[in-house]
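According to our numbering, the sequence shown is numbered sequentially starting from 11.
What the hints contain is simulated information worked out from the structure, not anything from laboratory work. No experiment lies behind these values; they were computed from the predicted model shown. C-beta atoms are modelled at their ideal positions from N, C-alpha and C, and glycine is treated no differently. Any given hint might turn out to be false.
[Stated by the list, open to error] Quick list of simulated restraints, FRET-style, between CB atoms:
no., residue 1, residue 2, range
1, Asn131, Gly182, 41 to 51 Å
2, Ser110, Ala201, 34 to 44 Å
3, Pro107, His157, 20 to 30 Å
[To be verified] With a straight-line Cα cutoff of 30 Å, these simulated DSBU-like cross-link-like pairs (lysine-lysine) come out:
no., residue 1, residue 2
4, Lys91, Lys183
5, Lys105, Lys75
6, Lys13, Lys91
7, Lys62, Lys204
8, Lys75, Lys13
9, Lys105, Lys125
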Amino acid sequence: MKKIGLFFGSFNPIHIGHLILANYILENSDMDELWFVVSPQNPFKDKKSLLKDHNRLDMVQLAIKNYPNMRASSVEFSLPKPSYTIDTLTYLHEKYPDYSFALIMGEDNLNGLAKWKNSENLIANHQIIVYPRAFEGEKKDHEYLQHENISLIQAPVIEISATEIRNMIKAGKNVRPMLPAEVFEYLDGSAFYK
Numbered sequence: 011m012k013k014i015g016l017f018f019g020s021f022n023p024i025h026i027g028h029l030i031l032a033n034y035i036l037e038n039s040d041m042d043e044l045w046f047v048v049s050p051q052n053p054f055k056d057k058k059s060l061l062k063d064h065n066r067l068d069m070v071q072l073a074i075k076n077y078p079n080m081r082a083s084s085v086e087f088s089l090p091k092p093s094y095t096i097d098t099l100t101y102l103h104e105k106y107p108d109y110s111f112a113l114i115m116g117e118d119n120l121n122g123l124a125k126w127k128n129s130e131n132l133i134a135n136h137q138i139i140v141y142p143r144a145f146e147g148e149k150k151d152h153e154y155l156q157h158e159n160i161s162l163i164q165a166p167v168i169e170i171s172a173t174e175i176r177n178m179i180k181a182g183k184n185v186r187p188m189l190p191a192e193v194f195e196y197l198d199g200s201a202f203y204k
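Generate coordinates for the entire structure from the input sequences, incorporating the hints supplied.
And the structure:
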């Protein structure tokens with residue numbers, strides 16, 4: 011059975027931190043592939059700062075073109091909005107019955123996991139790989155990390171955020187080192203984030 015890691019996000023834009031993390035997980039887990047699931051609308055995020063879905067998907071495809079075990083997924087584009095992880099996983103299990111799917115999430119998301127739609131079902135029926143993140147707020151010893159389906163992977167902590175990149179672009183600052191070259195070229199000369 012093929013094992014797929016699902017890395018959900020707005021990828022607004024995708025940056026080198028995403029790629030470093032994705033590559034680390036592929037190299038240090040039993041995942042066969044990692045799919046970047048581009049989310050059209052996160053129920054917890056304001057939609058007005060998002061680039062159009064196809065622009066963000068284009069950037070992910072450009073960023074991963076040299077990584078054979080990474081894929082860009084637009085699966086949530088055709089599902090009801092807002093997108094909920096449990097609904098996407100249910101759909102993927104039906105579409106790909108011979109694949110097993112693991113959810114990849116940042117440690118900061120554990121604080122709000124209980125608020126996710128059908129979170130108990132999500133935890134009980136899916137492997138969840140948690141990567142460390144630097145974040146503001148209380149860092150807790152999560153009872154979730156005791157669950158057999160949840161594992162903390164010691165990936166490098168990358169302190170680059172898409173919000174910071176968007177703010178730098180708006181301010182006319184150089185973001186070239188923070189983005190895959192193809193993504194920088196895609197954004198450079200466009201009006202995106204300005």
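Consistency of the hints with the structure:
1. A hinted range of 41 to 51 Å holds for the C-beta pair Asn131 and Gly182, which are about 46 Å apart.
2. Range check, Ser110 to Ala201: Cβ separation about 42 Å, and the 34 to 44 Å hint holds.
3. Range check, Pro107 to His157: Cβ separation about 25 Å, and the 20 to 30 Å hint holds.
4. As the CA atoms of Lys91 and Lys183 are separated by approximately 34 Å, the hinted pair breaks the 30 Å bound.
5. At most 30 Å may separate the alpha-carbon atoms for a hinted pair to count; Lys105 and Lys75 meet this at roughly 24 Å.
6. Of the pairs offered as hints, the one joining Lys13 and Lys91 holds, with about 27 Å between alpha carbons and a cut-off of 30 Å not exceeded.
7. Distance check on the hinted pair: Lys62 and Lys204 sit about 14 Å apart at the alpha-carbon level, within 30 Å; holds.
8. Our distance criterion of 30 Å between C-alpha atoms is met by Lys75 and Lys13, whose separation comes to about 20 Å.
9. Taken as a hint, the Lys105 and Lys125 pair is honoured in the structure, with Cα atoms around 26 Å apart against an allowance of 30 Å.
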